[in-house]
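Student: Following the hints, complete the assembly by docking chain W onto the known chain E.
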Amino acid sequence: EPEVTQTPSHQVTQMGQEVILRCVPISNHLYFYWYRQILGQKVEFLVSFYNNEISEKSEIFDDQFSVERPDGSNFTLKIRSTKLEDSAMYFCASSGTGIGANVLTFGAGSRLTVL
Amino acid sequence: GENVEQHPSTLSVQEGDSAVIKCTYSDSASNYFPWYKQELGKRPQLIIDIRSNVGEKKDQRIAVTLNKTAKHFSLHITETQPEDSAVYFCAEEYGNKLVFGAGTILRVKS
Numbered sequence: 142e143p144e145v146t147q148t149p150s151h152q153v154t155q156m157g158q159e160v161i162l163r164c165v166p167i168s169n170h171l172y173f174y175w176y177r178q179i180l181g182q183k184v185e186f187l188v189s190f191y192n193n194e195i196s197e198k199s200e201i202f203d204d205q206f207s208v209e210r211p212d213g214s215n216f217t218l219k220i221r222s223t224k225l226e227d228s229a230m231y232f233c234a235s236s237g238t239g240i241g242a243n244v245l246t247f248g249a250g251s252r253l254t255v256l
Numbered sequence: 004g005e006n007v008e009q010h011p012s013t014l015s016v017q018e019g020d021s022a023v024i025k026c027t028y029s030d031s032a033s034n035y036f037p038w039y040k041q042e043l044g045k046r047p048q049l050i051i052d053i054r055s056n057v058g059e060k061k062d063q064r065i066a067v068t069l070n071k072t073a074k075h076f077s078l079h080i081t082e083t084q085p086e087d088s089a090v091y092f093c094a095e096e097y098g099n100k101l102v103f104g105a106g107t108i109l110r111v112k113s
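Same order as they appear, the protein sequences are chains E and W. My numbering runs 141 ahead of the 1-based position in the first sequence. My numbering runs 3 ahead of the 1-based position in the second sequence.
Bound conformation, chain E alone:
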C-alpha cells in the first residue's frame, strides 16, 4: 500500500535554530498538508499546498513557517527560528484528486523537541 514517508522521525534542536522537516507524499497525490499535534492534544491544521502554492494556512502558520516542494517528490516544512512551543509531532499528509481529494493519508510523523 502506498505510504507517505517523513524524515527525520525525531529531531532535537536548540531554541532559535532552523529546522527542516521532510516528506515524500504518495506519488500520484496532488494535495499536500502539514498538521501538528502537541503531546496529548488534537491534530491541528497548519497548511495545505496544491499546484505549487499554499491553498490555505492556519493562524499557527506564521512568518516563521514556510513550505516548499523543491522537486517532484519532496515536500518540506521549514521553521526559521524555533520556539519552545514548537515542540510537537508534525504530520505530513497527502490526498488525491476527484472524490479522493479529501481522503488524507498521514505519514508517521516527525517529533520535534525544542530545548
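These aren't lab readings, by the way, just hints derived from the structure by calculation. C-beta atoms are modelled at their ideal positions from N, C-alpha and C, and glycine is treated no differently. A portion of the hints provided could be inaccurate.
Claimed, not checked - Selected chain E positions facing chain W (in silico; Cβ < 7 Å): (1) Lys-183; (2) Val-184; (3) Phe-186; (4) Phe-202; (5) Gly-213; (6) Thr-254.
As the list claims (entries may be wrong) - List time: in silico DSBU-like cross-link candidates among lysine-lysine, alpha-carbon distance up to 30 Å: (7) W:Lys-25 x E:Lys-198; (8) W:Lys-74 x W:Lys-61; (9) W:Lys-60 x W:Lys-71; (10) E:Lys-219 x E:Lys-183; (11) W:Lys-60 x W:Lys-25; (12) E:Lys-183 x W:Lys-112; (13) W:Lys-112 x W:Lys-45; (14) W:Lys-45 x E:Lys-183; (15) W:Lys-45 x W:Lys-25; (16) W:Lys-112 x W:Lys-25; (17) W:Lys-45 x E:Lys-198; (18) W:Lys-45 x W:Lys-61; (19) E:Lys-183 x E:Lys-224; (20) E:Lys-219 x W:Lys-45; (21) W:Lys-61 x W:Lys-71; (22) W:Lys-74 x E:Lys-198; (23) W:Lys-112 x W:Lys-60; (24) W:Lys-74 x W:Lys-25; (25) W:Lys-25 x W:Lys-71; (26) E:Lys-198 x W:Lys-71; (27) W:Lys-60 x W:Lys-45; (28) E:Lys-183 x W:Lys-60; (29) E:Lys-198 x W:Lys-61; (30) E:Lys-198 x E:Lys-224; (31) E:Lys-198 x E:Lys-219; (32) E:Lys-198 x E:Lys-183; (33) W:Lys-61 x E:Lys-183; (34) W:Lys-60 x E:Lys-224; (35) E:Lys-219 x W:Lys-74; (36) W:Lys-25 x W:Lys-61; (37) W:Lys-25 x E:Lys-183; (38) W:Lys-112 x W:Lys-71; (39) W:Lys-74 x W:Lys-60.
Tutor: Chain W only, in chain E's frame:
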C-alpha cells in the same frame, strides 16, 4: 468559523460491548466526515468516512451515522476488542483542510 466538538473525551468499555463516540460540527456546508484511529505514538489512520449524501455507512464492526439537520455524526464500534483501544478523532472537511475533534481515548477492558 470551523469547530468540531467530540464527546466523550474518554470511554471505557468491557470487551464485547459497543462503543459510541459523537461529534457535532458547525459548518452546514461540510460534506465529508472521516474518522481516524491513532494508536499510541503512531500516525492517525482513516477507519471509516461518510459523505453527506448518505445517512449511514458500515464496515464490519464499525459504522458511522450522519444527521445533517442536527449537524452531528457518530462512530459506532460493536463487539469491541482490546485492539480497538486507541484515540479516535472525528473530523469535518472545511475549505481545503480537515478540522479535527479533540479526540476520544477508548479503553477496551478484557
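Student: Hint by hint, say whether it matches the structure.
Tutor: Checked hints:
| no. | hint | in the structure |
| --- | --- | --- |
| 1 | Lys-183 | 5 Å, holds |
| 2 | Val-184 | 5 Å, holds |
| 3 | Phe-186 | 5 Å, holds |
| 4 | Phe-202 | 11 Å, violated |
| 5 | Gly-213 | 22 Å, violated |
| 6 | Thr-254 | 14 Å, violated |
| 7 | W:Lys-25 x E:Lys-198 | 27 Å, holds |
| 8 | W:Lys-74 x W:Lys-61 | 19 Å, holds |
| 9 | W:Lys-60 x W:Lys-71 | 14 Å, holds |
| 10 | E:Lys-219 x E:Lys-183 | 21 Å, holds |
| 11 | W:Lys-60 x W:Lys-25 | 15 Å, holds |
| 12 | E:Lys-183 x W:Lys-112 | 24 Å, holds |
| 13 | W:Lys-112 x W:Lys-45 | 21 Å, holds |
| 14 | W:Lys-45 x E:Lys-183 | 13 Å, holds |
| 15 | W:Lys-45 x W:Lys-25 | 23 Å, holds |
| 16 | W:Lys-112 x W:Lys-25 | 21 Å, holds |
| 17 | W:Lys-45 x E:Lys-198 | 24 Å, holds |
| 18 | W:Lys-45 x W:Lys-61 | 25 Å, holds |
| 19 | E:Lys-183 x E:Lys-224 | 20 Å, holds |
| 20 | E:Lys-219 x W:Lys-45 | 22 Å, holds |
| 21 | W:Lys-61 x W:Lys-71 | 18 Å, holds |
| 22 | W:Lys-74 x E:Lys-198 | 25 Å, holds |
| 23 | W:Lys-112 x W:Lys-60 | 26 Å, holds |
| 24 | W:Lys-74 x W:Lys-25 | 11 Å, holds |
| 25 | W:Lys-25 x W:Lys-71 | 13 Å, holds |
| 26 | E:Lys-198 x W:Lys-71 | 27 Å, holds |
| 27 | W:Lys-60 x W:Lys-45 | 26 Å, holds |
| 28 | E:Lys-183 x W:Lys-60 | 25 Å, holds |
| 29 | E:Lys-198 x W:Lys-61 | 33 Å, violated |
| 30 | E:Lys-198 x E:Lys-224 | 19 Å, holds |
| 31 | E:Lys-198 x E:Lys-219 | 14 Å, holds |
| 32 | E:Lys-198 x E:Lys-183 | 17 Å, holds |
| 33 | W:Lys-61 x E:Lys-183 | 25 Å, holds |
| 34 | W:Lys-60 x E:Lys-224 | 43 Å, violated |
| 35 | E:Lys-219 x W:Lys-74 | 37 Å, violated |
| 36 | W:Lys-25 x W:Lys-61 | 16 Å, holds |
| 37 | W:Lys-25 x E:Lys-183 | 16 Å, holds |
| 38 | W:Lys-112 x W:Lys-71 | 33 Å, violated |
| 39 | W:Lys-74 x W:Lys-60 | 16 Å, holds |
Hint check: violations occur at hints 4, 5, 6, 29, 34, 35 and 38; the rest are consistent with the structure.
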